[in-house]
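All chains, please: the whole structure from these sequences, using the hints.
Listed in order, the protein sequences are those of chains A and B. All the letters of the first sequence, read from the start, carry residue numbers 3 to 993 under my numbering. All the letters of the second sequence, read from the start, carry residue numbers 3 to 993 under my numbering.
Source of the hints: derived by calculation from the structure; they are not laboratory data. Any given hint could turn out to be false.
Treat identical chains as interchangeable: a pair holds within one or across any two.
As the list claims (entries may be wrong) - In silico EDC-like cross-links for lysine to aspartate or glutamate, where the CA-CA straight-line distance does not exceed 20 Å:
#1 LYS36 <-> GLU384
#2 LYS594 <-> GLU321
#3 LYS387 <-> ASP37
#4 LYS104 <-> ASP79
#5 LYS566 <-> GLU99
#6 LYS109 <-> ASP577
#7 LYS401 <-> GLU461
#8 LYS625 <-> ASP769
#9 LYS285 <-> GLU384
#10 LYS120 <-> GLU96
#11 LYS968 <-> ASP942
#12 LYS660 <-> GLU677
#13 LYS335 <-> GLU966
#14 LYS106 <-> GLU96
#15 LYS71 <-> GLU289
Number of protein chains: 2
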Amino acid sequence: NKRNVHLTYSNRTSQKNFVPPLDTFSRRHIGPSKDEQEYQLSTLGYKDFESFLNDVIPQNVRAKENNKKHFPSFDFDTHKPHTAPNYSESEFGELAENVANKNKLVKTLIGMGYYNVKIPPVIIRNVFENPEWYTQYTPYQAEISQGRLESMMNYQTMITDLTGLSISNASLLDEATAASEAMVMIMANDRKKRKTFLVDSNIYPNTLSVLRTRARGFNIDVKVVDISSEIITANEKDSFGILVQYPAADGSIFDYSELASAAHASNMHVVAATDLLALTLMKTPGEWGADVAVGSTQRFGLPMGFGGPHAGFFACNDEFKRKLPGRLVGLSKDRLGNPAYRLALQTREQHIRREKATSNICTAQALLANMSAFYAIYHGPEGLKHIASRIYSLTNILKRALESAGYDISNKNHFFDTLTINVQCADSILQRALAYGYNLRKVSDGVVSLSMDESITNEDLSHLFSIFEIPSTPETFIENLSDGKSISSVEQLPVSAFPKELRRQTPYLQHVVFNRYHSETELMRYIRYLQSKDLSLAHAMIPLGSCTMKLNAVSEMNPVSNPKFANIHPYAPEDQVHGYKYLINDLGLMLKNLTGFDAASFQPNSGASGEYAGLSVIRAYQKSIGEGHRNICLIPVSAHGTNPASAAMAGLKVVPVKCLNNGNLDFEDLKAKAEKHSNHLAAFMVTYPSTFGIFEHGVKETLNVIHQNGGQVYFDGANMNAMVGLCKAGDLGADVCHFNLHKTFCIPHGGGGPGVGPICVKSHLADFLPSNPVIHCGGQKSIGSVSSSPYGSASILPVSWAYMRMMGLDGLRDASKAALLNANYMAARLAPYYKLVYTNDKGRCAHEFILDAREFKVSAGIEATDIAKRLQDYSFHAPTLSWPITNTLMVEPTESESMYEMDRFCDALISIRQEIREIEEGKQPKGNNLLTNAPHPQRDLVREEWDRPYSRERAVYPVPILSERKFWPTVARLDDAYGDKNLFCTCAPMQ
Amino acid sequence: NKRNVHLTYSNRTSQKNFVPPLDTFSRRHIGPSKDEQEYQLSTLGYKDFESFLNDVIPQNVRAKENNKKHFPSFDFDTHKPHTAPNYSESEFGELAENVANKNKLVKTLIGMGYYNVKIPPVIIRNVFENPEWYTQYTPYQAEISQGRLESMMNYQTMITDLTGLSISNASLLDEATAASEAMVMIMANDRKKRKTFLVDSNIYPNTLSVLRTRARGFNIDVKVVDISSEIITANEKDSFGILVQYPAADGSIFDYSELASAAHASNMHVVAATDLLALTLMKTPGEWGADVAVGSTQRFGLPMGFGGPHAGFFACNDEFKRKLPGRLVGLSKDRLGNPAYRLALQTREQHIRREKATSNICTAQALLANMSAFYAIYHGPEGLKHIASRIYSLTNILKRALESAGYDISNKNHFFDTLTINVQCADSILQRALAYGYNLRKVSDGVVSLSMDESITNEDLSHLFSIFEIPSTPETFIENLSDGKSISSVEQLPVSAFPKELRRQTPYLQHVVFNRYHSETELMRYIRYLQSKDLSLAHAMIPLGSCTMKLNAVSEMNPVSNPKFANIHPYAPEDQVHGYKYLINDLGLMLKNLTGFDAASFQPNSGASGEYAGLSVIRAYQKSIGEGHRNICLIPVSAHGTNPASAAMAGLKVVPVKCLNNGNLDFEDLKAKAEKHSNHLAAFMVTYPSTFGIFEHGVKETLNVIHQNGGQVYFDGANMNAMVGLCKAGDLGADVCHFNLHKTFCIPHGGGGPGVGPICVKSHLADFLPSNPVIHCGGQKSIGSVSSSPYGSASILPVSWAYMRMMGLDGLRDASKAALLNANYMAARLAPYYKLVYTNDKGRCAHEFILDAREFKVSAGIEATDIAKRLQDYSFHAPTLSWPITNTLMVEPTESESMYEMDRFCDALISIRQEIREIEEGKQPKGNNLLTNAPHPQRDLVREEWDRPYSRERAVYPVPILSERKFWPTVARLDDAYGDKNLFCTCAPMQ
Ligand SMILES: Cc1ncc(COP(=O)(O)O)c(C=O)c1O
Ligand SMILES: Cc1ncc(COP(=O)(O)O)c(C=O)c1O
Ligand SMILES: O=C([O-])O
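Structure representation (structure tokens):
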């Protein structure tokens, strides 16, 4: 009877809602108003949307049920399916709150790589909840990205310092995938081409599971062993490397120095999966001889979030300097000779190396890496050590108390935060723990374990004493330990000294940046200072083709900050995570509905990870029907670099398919190759609309040919923003499809991650979906795990869920239509000035289009890069540069951009075309003009000499609005060659 | 037994806490580390803090119990007092959550000026939760404040457009004080010097109460009448004006055109207290002839917050253009001739007019005004009208349904959102309502009323039907109303048309700014664009003397966003607001403890409002003991302008007291005047440490003299940051004291408000503390109300509460010590370069100090303003300019500034001194140099001609760090004279 909030609209559908809410979301998300859209259509010569769409999308590609307005849903309590109207922003806020409340916050000491943390509020508000940090793209345009590049440099310095290794990348997806990357990197560099990888048995099960899955595609034999120097000798003929966990899964700490020596003596390499906080106290992997260290920065200020997103770290010694996977930030200089950061060694990446790449990592965890770096900066070396020491001391006290109460501790020799305890009945301990409000880990029927963390209080300690029925209180126990000496904190106890033989002796984080910003005011200013150098969606459109940089709305982001989503351990008991389960199911329901698929997995935590997972699923399926020999993957030459790299990782042989001059796939070539490889055809990877931004005709026939020849169709969903509500990948003939939720479905790009790359599959593939060794999920005949946690980056799924539930099916369709219209509107405005590389037979593009800059090379000595850099002077982020075609610019406005912004951008490009014309006409010299000298930072202006053939004013205020509203590049053009030659990837040491 | 969170530490105090949390707050709040403080002390020649303090604070001023560490507190459930240790940041987060949960969220339709709202999430995150907006100071330095000045201009435009009047100020404190300001402004301008003010009886009781209190000091007779043209004629001899509420308190709407004509015919002026949302539908006060319109912008996107803060608006016709109270933003131009905003007509303000001022308004509600402006911008004229129409339609439907069920509606003729309903038994209706989850208003035993708002849903309407036992559902009722025509929203109903005779016919908000930013992306960018022009604490220190611009920490701000604090109506039943009550009590307990007072009131919503309230309390007390004739208030000439203005408002005659050449109060003069006026001495207002930044000796003797002569001591707590934990105002002899919680106690300044100015009093004054006519609070013999709501700006009290509970008594004492040390450190660094105007006998200052610029006038033609503007080129905000002494700069660093930042600032001032020396030495010309031409915006640099006697580089990068980290002024120096002559205070109309 009371006013209550409904998880679903079940009660509303039964009655008319005469009082629709006014805070509807779709009109806030979509840039142009209805009137403006009419204007846009009319400039293109259309009377209505339908006739426009007919010219853009082939008839047989359009989905049948074009007019459905609402998604199906199901009632939280009754589980009955029904149709849910769209939620307004405030209604959604209530829904999200209610779903979050279905999760139970129980203090979880399960550990296994996930710990309670105290995120400094200054970082939450100023980074995590700040669009100027989370709406940035990967810092390809270095001159307008110096802030987060500096932050990533801090991150890399933190990782190298703590691990004792010389180089770190700028993050990977999580600990387990980082371990897999290490395995593959070492394997690829093994001179003896050995194929066995030894893994210590004392390792987290999820890491092992991901290693096993990853090993399959590379034919690596993962051999689980009890680590010892003898094991090395026994396996040296076959094994290229070995992975140990440090501290180990049961909490033990071993000194692996001898092991490392033995391994090196056998030309094997050693990987340490390790813990950054423990490394403030213990000897580093670098010191005892590890070649690679991997792990997660979760406990450096990142919410557990039911498993992610967290930054996976990866550090290695100099030997692998130019081999390590992922992005790498380096210090170079700009043309004026000033120091400037940039992404280094890009040539290693898969968009260059394609199927020869050994890693497909693209989107990583930039935002999370930056948060962790700020966490380390805020605490500084002393603060971090303090946190670690406190944890160690408490663990030690508890250990002694347990022992004095007669418990046998498995890892009694050396430990940091984790105790593995032999008990009579694990279940009854777990039950007692739950009664006190704690989750512990059940290792086996007679063994439990628990991990301490920075959140532990006096009260927690008391409760743990009670749970284990220790006949004392912490107070008296501690007083006894201190021999009657009066003490007021655990630091004064003898138990707080980390054992000498394992103790770290080397200093770390001695750089200024880790020693200045320890007050909230200083850290806030440092964060804001960095942010002020970076262009984000909060400043201007970021029209990066294939990246779909759309609005990341506050209503979508809000639930991510809810503690009941943020503070859930991925291995929390099922009955504590009903909220997450509901959300994940509901999101899956909508994605399947949109695309016509039957099952989904949210485990892949990037698009590339989805590709790899999807292809692995295909292979497992084929194997299961006796077609395991199929190993050919057809991929169009125009495909994104992750496609061939992922195919290679799944153990497939890539056969490229040609494109025609008009950009379309060469159907004849495809057909020929499909038929030729008919017996071995495993899969075809298709991106639709194509990476050239066109809805190709004949896609159905194409996919038919694949099926006819025994292959499966992998659908790359990167361009899904053109299709949502209009076409269904499933109908077109796809068997698997990944979504980049960080593109089409509003998860912010975070400056290079997080991302989510769920895959949807047809029913025949459902049994093979990724699983997790700890938590039941995925298919019956699963390929195993593809990432550390059961549902990947679960805690950001509310963003996409919010987007879809607020937009509704009709709103999403409107968004796609607006995205198509915006792109065509811009293309039409720009066509008189720039050649469009491809359009369809009606002269239309899909949601993006490619501008040709190739002709300017001859006519004016200008390349696409020059245009990109010049756009910075106009306060814009460049379109995607030289992809998928060299010397072109690919523009994708998305539906969120307004007419005002698109016009501003077109005006800029038109003005730049005029500047090019002046060079063509000899009015400006080649090689020393507004474009080749771009961008023009403030320092350029300030110099007294001005020897340019144009005025200062033209350089920086080429259009009037800029004198009012200008975003400045902070450095001049980067010198890439210099940077790659002189690789500096950590902060300069303190002078 | 379970893990649970404690409202207090009661259970902890009984046991030792061996596991103190590491996320302690005080070290994050205070800038310098312990090591740095030792260094600071050593540069001043001290070995320890104690010897330093001995030189700064007179011995007899120091508080006795110097070493107490903890504040008292009381247990939430048992109400037992006890001592509470300091909370760490995360512990405080839990405490705040728990206290918030003691408030009950019941949907409240009580209205009376407070409504449920839907705050657009884009505004919450990007303004309300964004330090770049909330940490700004009042925009005195226009060149680095163009963003919020533009926003305030938008606000002023919104208010004038909606009220139909020609000029609006940039906000007042709330509706009731705005009404009082209107009354006094009109009175002061009445040529016939009449003294009666007519007030329609159909008005909110809180407005009436504040009017009555305010009237007392001015000897105005507030006469409550039933409004009619005859009333005007009957009272024209005595009455200078009349106030009507539009819509009236019972929800009725009357056309006041005739009334206004009659009033004008009698040379009376008309004030309308009105509602912005209703004004989108109804004829404006300007159109029917009101001279002034006042009200609250709460329902334009501001949380109810248990009563505040909200922006009070004030608009008037041209007649009062130069008379209206409060700040006024005007469009002027800068020296380069470009348009630029600034605060206009500053000469009207009380720091110039002192006791002749008729208003003491200083801190207002800038942040809230800006939020409301963004709300209007986001919705635009169409959107606002839509919201209003929906409310009107629903009210109309409910009215008809009630009538058809036999209810008699009092305001049946015309209404907007409020219905006053005659019922059998109001209590039983209220009870039924509560059972359904709603609060309605009880008007009397047989009358209830309710107000609809933008949050009303279908479900709410159904529940209202049930509460009133209407024998129908909204659905069938609406279907019947529509005569069987199929309708899908209320807008299609005939009931949705606002009555023609009252309907607004004029357009509003036609300016570009209200018609472009309707998508979230566009509004986010507009907000961020404005913010990018403004220097805030997120960029650099703001060393404004007497303003205490310290850290506003995220942990302190977080609870303000909690819906259980934000969404509480000030008149919610007592048993729904236990959380607020606990918090307010606990905060009062701490403030009283700090200062040695006995009772507190949180009703004053600014420092000036506190002054006025405190003096009124003194007068009421004196009257109660037969000393009502006492009417002399002694005020030092050095006092802040609000002091004499407040005294005048309280009906006191100001007698200024001289200061000596050394800056100290002239004790002889004071004594002489106190004795001379002994029979009429009401009060003495003292600021301590003095406004010159010195802890004067002899303050106790001074205050003694006052008491000996029958006066009471009013203590201006603006400089409390120097005293907290070190000295107690109560011990010194003060009877009343106000706190600026927005200075000492961390409420952010918000660019000119919100603020909170609670007063504490000795026991003999407690009976007179402010009350509220609706909710029981305040003293038995209260002075009445001083602001609209019972606890003033209640929803920001959690900020100060957080600060105090996390710092603890010892932390606060450390903060004061650090504030004193920081000031003395800077003073010592600057002393070789600038004359310090005053120091004490040991050469020390308190928490701030004054730099003399007067000598440079002769030596270099340089004034303090030039130094202030030049500081902008160094990316700093200037210190307080020419207050309390003309041509000086008063510097207050606060404890939150780090050594690094203070040194950076000192380096800038030292470098500027060098620039002055170059003028003195003839190396740079007078009148055309780095200082007189400052600040140098980017446009200066871009110009081709550079005719300055210094380089571009020196102009903008005078010290090297600026080429890395520069905050730019966006316009050149403002032309104040031009602006005051040509007053433009609203946005330019659409071209
Ligand atoms: C077409 C295409 N496929 C795959 C990817 C890889 O996605 P992710 O960066 O999420 O790994 C991208 C990313 O830009 C892409 O554009
Ligand atoms: C000494 C002094 N008294 C009173 C005030 C007035 O306080 P408020 O601005 O809160 O009204 C101020 C404000 O700066 C002040 O410095
Ligand atoms: O949102 C920001 O905090 O800038």
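Hint-by-hint comparison with the structure:
1. LYS36 <-> GLU384: between (58 Å within a copy, 14 Å between copies)
2. LYS594 <-> GLU321: neither (46 Å within a copy, 67 Å between copies)
3. LYS387 <-> ASP37: The answer is between: 18 Å across copies meets 20 Å, while 60 Å in one copy does not.
4. LYS104 <-> ASP79: within (11 Å within a copy, 28 Å between copies)
5. LYS566 <-> GLU99: both (9 Å within a copy, 13 Å between copies)
6. LYS109 <-> ASP577: Within. Shortest intra-copy distance 14 Å satisfies the 20 Å Cα cut-off; inter-copy 32 Å does not.
7. LYS401 <-> GLU461: For LYS401 and GLU461, only the intra-copy Cα distance (17 Å) is at most 20 Å; the inter-copy one is 57 Å.
8. LYS625 <-> ASP769: Close inside one copy (13 Å), not across copies (87 Å); limit 20 Å.
9. LYS285 <-> GLU384: Close inside one copy (16 Å), not across copies (66 Å); limit 20 Å.
10. LYS120 <-> GLU96: between (26 Å within a copy, 12 Å between copies)
11. LYS968 <-> ASP942: For LYS968 and ASP942, both the intra-copy (15 Å) and inter-copy (15 Å) Cα distances are at most 20 Å.
12. LYS660 <-> GLU677: within (15 Å within a copy, 103 Å between copies)
13. LYS335 <-> GLU966: between (30 Å within a copy, 14 Å between copies)
14. LYS106 <-> GLU96: Both. Shortest intra-copy (17 Å) and inter-copy (16 Å) distances satisfy the 20 Å Cα cut-off.
15. LYS71 <-> GLU289: neither (61 Å within a copy, 45 Å between copies)
In terms of the numbered hints stated before, the structure departs from hints 2, 15, listed from lowest to highest.
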